[in-house]
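**Student:** Letter by letter, the chains look like this.
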Amino acid sequence: MDYAIECTDVTVRFKRYQEKNRMLRWTLLQMFKENRTSETFDALKDVTFSVKHGEAFAIIGQNGSGKSTLLKILTSIVQPDSGTVRVNGKVSALLELGAGFQPDLTGRENIYLNGSILGLSRAQITDRFDAIVGFSELEAFIDTPIKHYSSGMYMRLGFSIAIHVDPDILVIDEVLAVGDQNFQHKCLDRIRDFKRRGKTIIFVSHDLSTVSQLCSRAILLHDGRVVARGSTSKAIDHYHVINQENRDQKMIDAHVAVAEELQDRWGSRAIEITSVEFLDGSGQKTVCFRTGDPFRVRISYQTRQRIEKPVFGIAIHRNDGTHVNGPNTKISGAVPEYLEGSGAVCFEIESLPLLPGTYYFTAAVYNFACDTPYDHLDQMFPFSVIPGCTDEEYGVFYIPSTWWYEGAHGKLLPK
Amino acid sequence: MITVLPQKTLFSRNHLELLGNLVARNLKIKYKGSILGFLWSLITPLLQMLIYTVVFAVIIRVKVEWPFAVFLLTAQLPWIFFATSLQMGATSIIEHGNLVKKVYFPRELLPLSTIVSNLISFGITLIILFGFLIAYRIPFTSKVVLLPVAILLLLSFTLGLTFITSCLAVFFRDIFHILEVLILLWFWSVPVVYPLSLLADLPPQYAWFRDTYALNPMVTILELFRHALLYDTWPDAFSLGYATLWSIVTLSVGYIIFKRAEPLFAREI
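Protein sequence lines, in the order shown, are assigned to chains A and B. The first sequence begins at 1 in the numbering used here and counts up one residue at a time. The second sequence begins at 1001 in the numbering used here and counts up one residue at a time.
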């Protein structure tokens, strides 16, 4: 059999509890009720897919689309109500790092306990102990009870144990969102190394740029059903369509209201920013760009009165908080004499130099002295960048550059 | 962590090691941070014994043919094992809810690890009992061969019940209140603080009570401990067979119920 995982028509049905009622009285009452219409919903509905050995496979979808339930099926934590699952090989899941850690025990004791929960024998753990500790960089704290660990240290130990189980199939659920960038890179390197050794990877993430770097095939789940399958880029495109539909709806009513609640919006509102749209090279709305693509933003406004010399500004932050840039119309010499009524200001980057990742866009309008905000929407608009004109991945920007040698031998190897 | 099919057998080597690790963890956590550490597992039953001896031997003047402390301990120690196992065992699945929802391993290892760590504590407390037996110069007789039998019956009866309570607790949180009442009731329905012989001289109109009382398998199991260490008489074959049957049936029914309910744990917790 050359499939690592085969799922056929998997359906999982959950009862929808009004409230989690675990009292005997309630259950007894239910039994005597005439029509027990226990409301159910399908967390997964007829999900069919297969993953080949050695393949890196992604499962993407919005929150509540059934991704986590599907992973629980694959790891046999939950049994499907109908359909079959065949898993061919030893699975290790990075579902929740450090599940089963005991705060009162030391790092060392927890490695043994957690390792054996994940299916390692004592001898295997002893063999890999140094590697686990080394990878987690916790040498100095390994005999400290882990209740004294920071959450980052906790996660590092959890990841390190899970990755050293050395399974045939590695299931990763959104765990790379933890730890500092250094450690995230180390984890990704480890996962790539895993892939090189021909192991199978099931990857679930919202981080689409990592998904597209790592995985060749994907399925897209929506409301428990598979709505797209095939190449990762196709599934991601489809994901953006679904996301965009939701987002358009939310943009209208939620963004403005929520922004105020979150205190991510401030200003006198003499001019109000009414919408922010990201457009691709052909003028289509999108929130996903490739490195090197044209990047255009259309900021619509509405004034309450005549405003003299307003200054529009934007900022881009990466999701780790790095402030990427922050141009404004005053610096660029694009301040109008006055604005009145409604209109839009457009901002364009001919070739987006950002490297893959998730970014947040800020739109703001200030007075000419730039000391009084009319309207400021702080990091309210997310967009993602996926690999495009370059394979580079370290840092923030793609800066076109060249390499050459003085005194090298032979021809250069192909890329 | 899982192979092609979730492993049905408990006795693969890795699972035995996991059981060992879980037991070690239970014991470590129990005494971590306390100054007297594992001495507590000796102090608590000793204190209980002291209280019961004062109340029943001194105040109420229950008469037994043996030193009351020894008489008490022979049944009290197995009882403590039974009662604490039921109570701690009931929480064993839900207190590891996080683990059950995230990782697959045979779930029976959770109640089993509670029982095994209690069994170890029980073994340690038996040292006190032997100390008292020697101090009071009560000789060990050939009946001592009944001791492993008694422990085995107690163990399988307790384990069977714990399998049931631990999975009931997943579905009904009422089980803890029910258990509390049940254990209190049960404690006074077994001959721990009074001798079984007291029931022999009940007036005839209470004969039904004596007969009902004898149906309780824990009566026979606890009496078996006294046969082994105090009475110097063999138990009658009928009650031995009766207790054995109960233990086997409870364990098998408990395990079957547990395995039936197991796939639902991750959803219900």
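Some hints could be false.
To be verified - Keeping only pairs whose Cα atoms sit at most 27 Å apart, straight-line, the calculated DSS-like set for lysine-lysine is:
id, chain 1, residue 1, chain 2, residue 2
1, B, Lys-1143, A, Lys-90
2, B, Lys-1028, B, Lys-1143
3, B, Lys-1143, A, Lys-147
4, B, Lys-1063, A, Lys-90
5, A, Lys-147, B, Lys-1063
6, B, Lys-1032, A, Lys-147
7, B, Lys-1101, A, Lys-15
8, B, Lys-1259, A, Lys-15
9, A, Lys-147, B, Lys-1028
10, A, Lys-330, A, Lys-195
11, B, Lys-1030, A, Lys-45
12, A, Lys-45, A, Lys-186
Stated by the list, open to error - Derived Cβ-Cβ restraints for the label pairs, each shown as a range:
id, chain 1, residue 1, chain 2, residue 2, range
13, B, Ile-1256, A, Asp-81, 43 to 51 Å
14, A, Leu-279, B, Asp-1174, 56 to 64 Å
15, B, Glu-1095, A, Asn-243, 54 to 62 Å
FYI, nobody ran anything at the bench for these hints, they're computed from the structure. All of these numbers come straight from a predicted model, not from anything done at the bench. Glycine included, C-beta positions come from ideal geometry on N, C-alpha and C.
**Student:** Hints first: check each against the structure and report whether it holds.
**Tutor:** Hints versus structure:
1. Proximity of Lys-1143/B to Lys-90/A is assessed by CA-CA distance (about 51 Å); at most 27 Å being required, the pair is judged violated.
2. Between the alpha carbons of Lys-1028/B and Lys-1143/B the distance comes to roughly 35 Å, so the proposed pair goes past 27 Å and is violated.
3. For a cut-off of 27 Å, the pair hint linking Lys-1143/B to Lys-147/A is broken: about 50 Å separates their Cα positions.
4. This hinted pair does not check out: Lys-1063/B and Lys-90/A have alpha carbons roughly 63 Å apart, beyond 27 Å.
5. For a cut-off of 27 Å, the pair hint linking Lys-147/A to Lys-1063/B is broken: about 53 Å separates their Cα positions.
6. A threshold of 27 Å between alpha carbons decides the hint, and for Lys-1032/B with Lys-147/A the separation of about 13 Å falls inside it, so the pair holds.
7. Between Lys-1101/B and Lys-15/A the alpha-carbon distance is near 17 Å, which keeps this suggested pair within the 27 Å criterion.
8. For the suggested pair Lys-1259/B and Lys-15/A, the alpha carbons sit about 21 Å apart, so the restraint of at most 27 Å is met.
9. Note on Lys-147/A and Lys-1028/B: the hinted pairing holds, with a Cα-Cα distance of about 15 Å set against a maximum of 27 Å.
10. Proposed proximity of Lys-330/A and Lys-195/A is contradicted: the alpha carbons are some 49 Å apart, above 27 Å.
11. For the given pair, Lys-1030/B sits about 45 Å from Lys-45/A by alpha-carbon distance, which is inconsistent with the 27 Å threshold.
12. For the given pair, Lys-45/A sits about 36 Å from Lys-186/A by alpha-carbon distance, which is inconsistent with the 27 Å threshold.
13. Between Ile-1256/B and Asp-81/A the CB atoms are about 22 Å apart, so this pair departs from the stated range of 43 to 51 Å.
14. Distance hint check for Leu-279/A and Asp-1174/B: the Cβ-Cβ separation is about 59 Å, which falls inside the suggested range of 56 to 64 Å.
15. A beta carbon spacing of about 39 Å between Glu-1095/B and Asn-243/A contradicts the range 54 to 62 Å that was offered as a hint.
Of the numbered hints listed earlier, those contradicted by the structure are 1, 2, 3, 4, 5, 10, 11, 12, 13 and 15.
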